[in-house]
Amino acid sequence: MRHERNFAEGREENGLPAERERPVPVLEVRNLKVSYSASGPQILKGIDFAVDGDDFCAVIGPSGAGKSTLIRCVNRLVEASDGDIILFGQDVRKLNGGELRRMRRRIGMIFQEFNLVNRMSVMDNVLSGRLGYTGAFRSLFKVFPREDIERALELLERVGLQDHVDKRADELSGGQRQRVGIARALMQKPEILLLDEPTSALDPKISRDVMRLIKELAREFRVPVLCNIHDVQLALETCNRIIGLQDGYKKFDGPAEGMRKQDLDEIYAMEVL
Amino acid sequence: MVAAVGLQGAPYLSYVERKRRRRVNNWVIAACIAVVLGWCIWDTVMVDTDWARMGGALGIIGTLERFFWIDWGLVPSLIVPALETMMMATLGTLLGCVFSLPVAWFGAYNVTPNRYIFYPLGRFLMVLSRSIHEIIWALLFVGAVGLGALPGILAVAMRSVGFISKITAEAIENIDPKPVEAIRAVGGNQFQVMYYGILPQILPVVIGTIIFEWDINIRRSAIMGLVGAGGLGLVFFRQMAMFNYGGVTLVVLAVLVLIAIGEVISHYARKAVI
Chain A
0 MRHERNFAEG REENGLPAER ERPVPVLEVR NLKVSYSASG PQILKGIDFA VDGDDFCAVI
60 GPSGAGKSTL IRCVNRLVEA SDGDIILFGQ DVRKLNGGEL RRMRRRIGMI FQEFNLVNRM
120 SVMDNVLSGR LGYTGAFRSL FKVFPREDIE RALELLERVG LQDHVDKRAD ELSGGQRQRV
180 GIARALMQKP EILLLDEPTS ALDPKISRDV MRLIKELARE FRVPVLCNIH DVQLALETCN
240 RIIGLQDGYK KFDGPAEGMR KQDLDEIYAM EVL
Chain B
0 MVAAVGLQGA PYLSYVERKR RRRVNNWVIA ACIAVVLGWC IWDTVMVDTD WARMGGALGI
60 IGTLERFFWI DWGLVPSLIV PALETMMMAT LGTLLGCVFS LPVAWFGAYN VTPNRYIFYP
120 LGRFLMVLSR SIHEIIWALL FVGAVGLGAL PGILAVAMRS VGFISKITAE AIENIDPKPV
180 EAIRAVGGNQ FQVMYYGILP QILPVVIGTI IFEWDINIRR SAIMGLVGAG GLGLVFFRQM
240 AMFNYGGVTL VVLAVLVLIA IGEVISHYAR KAVI
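Sequences listed follow chains A and B, in order.
Residue numbers for the first sequence, in numbering that gives the first Met the number 0: 0 to 272.
Residue numbers for the second sequence, in numbering that gives the first Met the number 0: 0 to 273.
Please note: incorrect hints may appear among the correct ones.
With a straight-line Cα cutoff of 20 Å, these simulated EDC-like cross-link-like pairs (lysine to aspartate or glutamate) come out [said to hold, decoys possible]:
(1) A:K32 - A:D83
(2) B:K177 - A:D83
(3) B:K177 - A:E112
(4) B:K177 - A:E78
(5) B:K177 - A:D123
(6) B:K177 - A:E170
(7) A:K166 - A:E149
The set of hints was computed from the structure by calculation and includes no laboratory data.
Let the sequences and hints guide you as you build the complete structure.
Below, the structure written as structure tokens:
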């Protein structure tokens, strides 16, 4: 309950309505094209899709289809070469340095390899989710405001790591590290979550636990999710919407229930399941 | 049958031949090295040395003997210079760390502000610091700020920059980029990316290097006095000038003690960090 209230307040601070009802999609991508160098091959060849407020949207496709590139374009860890990315009504590609940092703090991201700072404590890793809101002086001495520390402790309890708060991140197991990653992303009070293969460094059982936890938290905090994932079965179990990529083209876009075997065959261009 | 044996013999013979050639090659190379070495010894030691002045084996021992009558009476007057040497090493190392910060930042290829101006500048400063001997640095600073411990501190600092900043820059270049990406993704600014994403990763290497450099700087500080920059070296220089060879030996022993102390401290300090 408490999280929800904080979250709603966070929204109002950012000048957004506390309610979920929004006529426009949270994220709209139009004709997105990416190539890493001017002469190099095109990774994404004109992708269009939109993510709504209550979507848990999976991006699936074979290795090299451009899933990771697509996700990273949204918060500009990768620069798109053409197209529009409209997030919360702003064109992400047109933001300058400061505007981009302010945009990024509204986007939570969970990574394949967790991307924790190994030599820092679990707590400091979670608190680093607030860096976008933390001034230079506070970040220099790692002094975070009381409400941030309280929120971090609550989130750590929520992901089941209350007994590991002071441990160093590299003392934890893979599944535990990803839970730290989840807590760090939620620390931002994100308005959208980007998941880049959150489970592919984990074993099948832990993968399911982690996805279930993310889904639960996303629903609780009412955050839309864009998740790229290569485990089709897990995607169908967890997500309500599937986008299928193949070789930089979108091959499928629809509800998870509507997905048929031939759609998968087309995305993977081979037999799956 | 015979033909088959011949075919089996051919690889063996060519192997033996290759081996013989390699052996001849090695002998030729060894002979060349021996000739060059012999020429070096002849030209530098045999011709250049004033054999008559040495005065045979007894003469050498007699000269060295003067150093064995250690002048213990000098001990009280060594305490302050010894402390000064330690302080010079410590302050010089700390100041060197401060100078190293921007140099390492400029000279690390992945974080340098500009790859065409600042990166070469950073690398140049690293080379400059190391290619000038600490005595030369001390001479420069004695000329600039006068006699005393200050020029020694500055010289030690300048000489330390090269090593500390080079190792730091290399540590920055070898970091895991993933945490950096995460800090950028939460909306962290450049400073936060460096402080949270990079610094924790390089800290053990950097602190280990600084301790090591401090250890070396004790040695460097001990000779700073030879050019008038204070510390034990100055006492050494004075004892030498007074032909008090026993005093010279005592200063050398004092330096030895300092270095041993430094060794012990840096051993435990490094253990505590890593």
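So, going through the hints one by one against the coordinates:
no., hint, result
1, A:K32 - A:D83, "holds, 9 Å"
2, B:K177 - A:D83, "violated, 26 Å"
3, B:K177 - A:E112, "holds, 8 Å"
4, B:K177 - A:E78, "holds, 17 Å"
5, B:K177 - A:D123, "holds, 16 Å"
6, B:K177 - A:E170, "holds, 18 Å"
7, A:K166 - A:E149, "holds, 17 Å"
Checked against the numbered hints given earlier, the structure breaks only hint 2 and satisfies all the rest.
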